[in-house]
Each structure stands twice: as structure tokens, then as C-alpha cells.
Amino acid sequence: MRRASVTRIALIYPELLGTYGDGGNAIVLEQRLRWRGLPAEVVNVPAGSPVPDSCDIYLLGGGEDAPQVLAADGIRQNRAIVRAVGSGAAVLAVCAGYQVIGATFPSGGEIHEGLNLVDIETRRSFAPPETPPPGRAVGDIVVEPDPRLHLPTLYGYENHAGRTRRLPGAGGFPLGVVRRGIGDGEDGSGGGGGGGTDGIVDGRVVGTYLHGPVLAQNPALADLLLTWIHGDLPPLEAPPEAQVLREARRRALAGS
16 MRRASVTRIA LIYPELLGTY GDGGNAIVLE QRLRWRGLPA EVVNVPAGSP
66 VPDSCDIYLL GGGEDAPQVL AADGIRQNRA IVRAVGSGAA VLAVCAGYQV
116 IGATFPSGGE IHEGLNLVDI ETRRSFAPPE TPPPGRAVGD IVVEPDPRLH
166 LPTLYGYENH AGRTRRLPGA GGFPLGVVRR GIGDGEDGSG GGGGGGTDGI
216 VDGRVVGTYL HGPVLAQNPA LADLLLTWIH GDLPPLEAPP EAQVLREARR
266 RALAGS
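First residue of the sequence shown? That's 16 in my numbering, and the numbers climb one at a time after it.
If you are wondering where the hints come from, they were derived from the structure by calculation, not from laboratory data. Backbone N, C-alpha and C define an ideal beta-carbon position, used for all residues, glycine too. Careful, some of the hints might be misleading.
[Claimed, not checked] Pairwise CB distance ranges (calculated):
id, residue 1, residue 2, range
1, Gly210, Leu182, 32 to 38 Å
2, Gly154, Pro255, 27 to 33 Å
3, Glu30, Trp50, 24 to 30 Å
4, Pro54, Pro144, 49 to 55 Å
5, Arg266, Ile126, 27 to 33 Å
6, Gln92, Gly186, 20 to 26 Å
Just need the whole structure built from these sequences, with the hints factored in.
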């Protein structure tokens with residue numbers, strides 16, 4: 016349960032981790048709370064500023080290699096997110112942010128330390144050295160969520176060069192099974208036919224390669240994060256146009 020009267024949503028280093036519009040996830044969470052009559056505040060944390068440990072939800076988005084390293088170094092300085100998660104905060108980390116919350120990630124030909132919030136590692140490829148690395152994962156992605164989450168099919172797009180896998184003995188479980196696209200691509204194959212997994216859910220921490228923004232495309236996932244903070248919430252009726260757009264997208268992807 017949240018610790019203050021206003022739900023505080025931290026948007027971490029949007030200048031570095033905001034390449035693909037993932038800052039929109041903060042708007043979605045804020046609005047879905049306000050539609051329910053619950054006060055919310057988006058806390059923008061600019062690069063170079065200390066990350067507060069008093070927020071309820073922390074958002075990390077996508078970014079290029081060099082900004083990703085800068086973001087990881089800055090977040091690691093005071094480890095506020097680690098303390099906040101220990102106190103019950105939730106985290107949504109997308110793409111570069113997803114890689115950062117793991118143990119290690121690649122950039123500029125080197126391997127960098129992550130935040131170790133979840134038991135994953137990312138490389139350009141996990142294939143043998145003599146095997147050419149897989150191509151960049153770009154395009155639509157469809158994920159069937161783990162049944163324990165009670166979520167509908169997740170839609171988004173991906174744009175990343177990394178391949179991510181869970182460490183031996185890792186906690187948590189994958190966000191879901193990829194039906195279209197690459198996702199984690201942990202086998203290093205780079206094939207786009209699906210069958211692998213995407214993301215991780217460990218406690219109240221969610222990582223994924225889905226852009227969209229992912230919470231705008233998948234409001235049920237937004238509500239899952241909010242219920243972790245508030246408990247059960249009254250449902251919101253989706254506007255008819257939103258339902259039509261989602262169904263049109265589902266049909267287009269199913270037929271392509």
C-alpha cells in the first residue's frame with residue numbers, strides 16, 4: 016500500500032531514457048488515477064539530479080547506448096530505487112531501462128554494471144563468438160502475458176540490439192511469451208517468429224522491451240501497477256474509440 020496521500024510517479028532521467036516516447040507512461044498512470052478521483056503527481060527527475068526514494072512508482076524508458084550508461088551511473092549513485100522497492104514501490108523499466116535494472120548490459124563494446132534489481136543479463140548476442148550477432152530487433156511485438164498476471168494480450172513495438180536472459184536461479188518470471196517479434200531473444204537467434212519470452216516480473220518490478228508507450232497501448236498493465244500500490248481499484252470503462260483501435264491493431268497483426 017502506498018505511503019502518502021498523493022501517488023508520486025517518478026519519471027527517471029527522461030533526457031537520457033526518453034528516446035521512444037516512454038515518458039507517456041507517466042501520463043497514463045497519472046490520468047488513470049485521476050479518473051478514479053485519486054490524486055497523483057508526476058515527479059520529473061532530470062539527469063544529474065538525485066533520485067528520490069519517496070515515490071510510489073518509478074519509470075525508466077528507452078535510450079541510446081551512451082545515455083544508457085550515464086543513466087545507470089547516475090541512478091546507482093544513491094541507490095534510491097533499490098531502497099524504494101524494498102519499501103514497496105513499483106518499477107516499470109522499458110528497453111534500455113529494462114537492461115539497466117539487471118545485472119549487466121553492453122554499451123560501446125564493453126559490459127557495464129546494472130542496478131541488480133532483477134536477475135537478468137544483456138549482451139549483443141549469447142551465440143558462440145564465431146556466429147554473427149543477430150540483427151537489431153525492430154517492429155511490432157505481441158506478447159501473451161504469464162497467466163499469473165491475469166492480463167490480456169500485450170501489444171507494442173520494439174527497437175533494440177540487445178539480447179536478454181535470466182540468470183541461473185533467477186527470481187520472478189518472464190512477463191510473457193512472444194507471439195510476434197523478438198523480445199528478449201535469449202537464444203540469440205534473432206528470429207521474429209515468436210516463441211521466446213519478453214521481460215520480467217519480480218515482485219513489483221516489471222521490465223519489458225515493449226514501447227508504445229506500453230501503458231497507453233495496454234491500460235490493463237497500467238492498472239496492475241496501480242493495484243500494487245493501492246490495492247483493488249474500481250474498473251474504468253475504455254472509450255469506444257480506444258476499443259475499436261485496439262481491435263483493429265489486433266486484427267492487423269494477426270493477418271500480417
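Hint check results:
A beta carbon spacing of about 21 Å between Gly210 and Leu182 contradicts the range 32 to 38 Å that was offered as a hint. In this structure, Gly154 and Pro255 meet the distance hint of 27 to 33 Å, their C-beta atoms being roughly 28 Å apart. Between Glu30 and Trp50, the C-beta spacing of about 29 Å keeps the proposed range 24 to 30 Å intact. Here the CB-CB span from Pro54 to Pro144 is close to 54 Å, well matched to the stated 49 to 55 Å.
Roughly 42 Å separates the CB atoms of Arg266 and Ile126, a value that falls outside the hinted 27 to 33 Å. Remark: the range hint 20 to 26 Å for Gln92 to Gly186 is upheld by a beta-carbon distance near 25 Å.
In summary, the numbered hints that this structure violates are 1 and 5.
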